[in-house]
Amino acid sequence: MTTFVELLLSGLSIGSVYALIALGFVIIFKATEVVNFAHASLLLAGGYLTAVLRDDIGFWAALLVGVAGAAAVGALVEFLVIRRYRGHDHSVLAIVTIGVDIVLVTELTRQIGARVLPMGDPWGDEVLTLGAVSIPQTRVAAFVTATLIIGAFLLAFRFTSWGVAMRAVAEHPETAALMGIRLGRVSSSAWAVAGGLATVAALFLTVFPTPGLERGTSLVALKAFPAAILGGLDSTTGALAGGLIIGVTQSMAAGYQSDLTFLGRGIGDLAPYLVMLLVLLVRPAGLFGTRELSRV
Amino acid sequence: MSEPAETSVSAAPAPAGPAASEAPSSTAGSTGGRHGRRARARVLPPRRATAYTAAAGGLLLLALPFYLDRFWLQAGLLAMAAAIGAIGLNLLTGATGQLSLGHSFFLAVGAYGYCVLAGGRDGELTGLGLPGWLAVTGAVALAGLAGGLFSPIAGRLRGAYLGIATLALVFIGQHVLLNAHDLTGGYNGRPVPPLSLFGLTFDDTETVVAAVPFQSMEKLWYAGLVLLAVCAFFAHGVLRDRPGRALNAIRDHRIAAGVMGVPVARQRAGVFVLSSMYAGLAGVLLALVFQQTVPEYFGIVLALEYLAMIVIGGLGSVSGAVTGAVFVTLLPQILTRYSEALPLVSAPGTGGVAPGEMSRYLYGAAIVAIVLFLPGGLVRLAARRGHTQKDEA
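Which chain is which? The protein sequence lines are V and W, in order. In case it helps, my numbering puts the first sequence at residues 24 to 319. In case it helps, my numbering puts the second sequence at residues 9 to 401.
I should point out that these hints are in silico values taken from the structure, not numbers from a laboratory. One or more of the hints may lead you astray.
[Stated by the list, open to error] Some chain V residues close to chain W (C-beta under 8 Å, calculated; not the full set):
1) 118
2) 121
3) 126
4) 249
5) 252
6) 285
7) 288
Note that this is a predicted model, so its numbers are computed, not measured. Ideal Cβ placement from N, Cα and C applies to all residues, glycine included.
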């Protein structure tokens with residue numbers, strides 16, 4: 024029972040981090056209808072900046088610079104690449120983001136090399152014990168931070184003028200433009216926000232019990248894709264639910280691996296994708312995604 | 009008075025599509041409106057010149073094993089295998105608009121399928137020991153079957169949903185390859201039995217042809233050429249004829265295609281299976297060239313490379329797929345071979361930009377640049393160059 028609770032808590036925590044990544048993914052999709060395969064590289068960029076700068080300027084300042092840096096990279100990609108595309112095929116634009124991702128990830132992994140960069144976070148490897156259940160402090164911090172950030176964004180979508188503009192653009196870009204909303208500004212802000220969110224996620228993906236940022240970190244970020252798809256690409260609630268489902272599934276599958284040996288080793292890494300496929304079989308637009316209705 | 013009228017006639021087809029409009033309007037501009045019509049007729053490439061070029065190219069390809077060393081033959085064979093796989097992906101993603109990030113999974117099915125079917129029982133490895141032609145056909149059929157089994161999911165999804173669902177295939181593939189030890193040999197992979205067809209074995213036993221020792225690469229070169237030619241011919245037929253029109257219609261407007269009488273679900277499932285079979289054949293050829301299959305190769309990077317090929321070469325055409333495959337496959341090989349002579353590139357492990365990294369920068373940037381500035385890919389560039397040269401002549 025204790026193991027179960029521990030795995031559940033750990034899964035919820037890592038799931039909330041996936042939800043952060045998925046939220047950025049969904050925000051970009053809503054604002055620009057682009058599926059951003061370059062998301063992993065934004066995450067790696069933010070994480071790398073934070074890890075490299077923390078010796079010189081301290082952890083918190085480094086994190087701020089990392090968030091700002093990844094936001095700048097996101098906005099720059101939007102400005103230099105996405106905005107220049109004049110066609111109408113959004114799946115071609117998705118392939119373009121793959122090109123961007125290849126370039127950025129190659130450069131960042133070359134910089135990182137074989138090193139493992141510790142984040143230097145204040146939580147270290149301390150463990151919080153509640154009765155029989157013990158859980159690393161980093162996991163608690165991840166859950167709390169992610170909940171606060173996601174909550175803030177859900178409120179911002181509803182109540183700020185930026186959120187209203189974003190929703191209007193997602194609803195109907197032409198009408199939104201006619202009402203005086205600047206599409207370019209909405210779309211670059213979406214990319215910037217996604218970069219910032221990805222950096223926070225990078226932080227929590229690389230702290231204890233993980234040794235630090237390494238070249239494989241961008242692969243971990245790929246698990247947020249099933250989270251976003253599972254919840255529905257155009258739903259912020261879906262990103263949250265998808266992230267948590269993926270996190271708990273992965274944690275359970277990895278934790279009870281010894282009982283699942285008939286499925287082979289390393290089933291924890293595969294579980295998110297299997298769950299996604301099962302959900303897509305039943306609900307092709309994800310759990311909360313809007314079903315596409317076409318009028319003829 | 010008559011001049012403006014003629015210009016408008018020649019300009020009339022322009023709005024039909026950005027791709028079709030470019031060549032005619034540029035010729036009309038250079039030769040003047042009065043000859044606009046005649047210039048447009050000249051734009052059509054003369055069939056005879058194309059045939060001569062193709063024949064010369066074919067002869068050159070046939071002669072290459074007599075002159076090139078093993079390194080370049082292997083690179084060329086990898087390009088041929090990649091071209092077969094890229095043609096398959098271009099049928100699916102380029103012509104039908106179904107984004108697939110799982111192509112490397114079907115390549116793996118083909119490669120390992122061949123090993124299992126053709127290989128003998130060796131230690132813990134299972135093998136059926138079938139004759140070569142049966143093993144190749146069986147491997148391709150297996151890949152098609154895998155594509156067919158995925159179609160309940162693929163049939164429901166579109167766009168990004170399909171892309172990420174096929175990404176799941178890559179991870180499932182990796183998991184199976186690493187865990188099904190008796191079939192795949194686990195992490196270290198399994199050796200590939202050499203292909204033997206009608207008494208001819210494609211292995212390293214030397215056969216001297218015209219004073220040139222023929223080893224596995226030389227022999228496989230001809231097998232690869234034949235396979236590529238057949239695959240390209242077949243795909244060309246599919247694209248040019250009724251099914252190709254249907255696939256393009258599905259890409260451009262799914263509902264309109266359905267209304268026009270295209271059986272959308274059946275065509276999509278069909279093209280998925282066909283594309284998987286192409287990938288399977290490419291996988292068999294890759295396995296034969298490498299002589300050892302390892303799971304690591306068939307990962308997500310490979311799937312992205314195939315997407316890069318079709319985008320760089322040109323979406324939706326056979327020649328585009330082949331061009332892109334040659335570009336993406338040979339680029340790292342060329343950079344590796346000449347890393348000392350090239351600026352900015354240094355040998356792997358010396359701290360500078362390694363050839364593999366350089367080629368990834370280049371083709372990553374090429375994807376972006378081509379979609380933004382050259383929609384239609386390298387093939388379109390060649391076509392445009394041909395047109396302007398003919399105009400100047």
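These are the hints, each one checked on the structure:
1. 118: holds, 5 Å
2. 121: holds, 6 Å
3. 126: holds, 4 Å
4. 249: Holds, about 7 Å.
5. 252: holds, 5 Å
6. 285: Interface hint status for residue 285 of chain V: violated (10 Å vs cutoff 8 Å).
7. 288: For residue 288 of chain V, the interface hint holds, since the closest Cβ of chain W sits about 6 Å away, which is under 8 Å.
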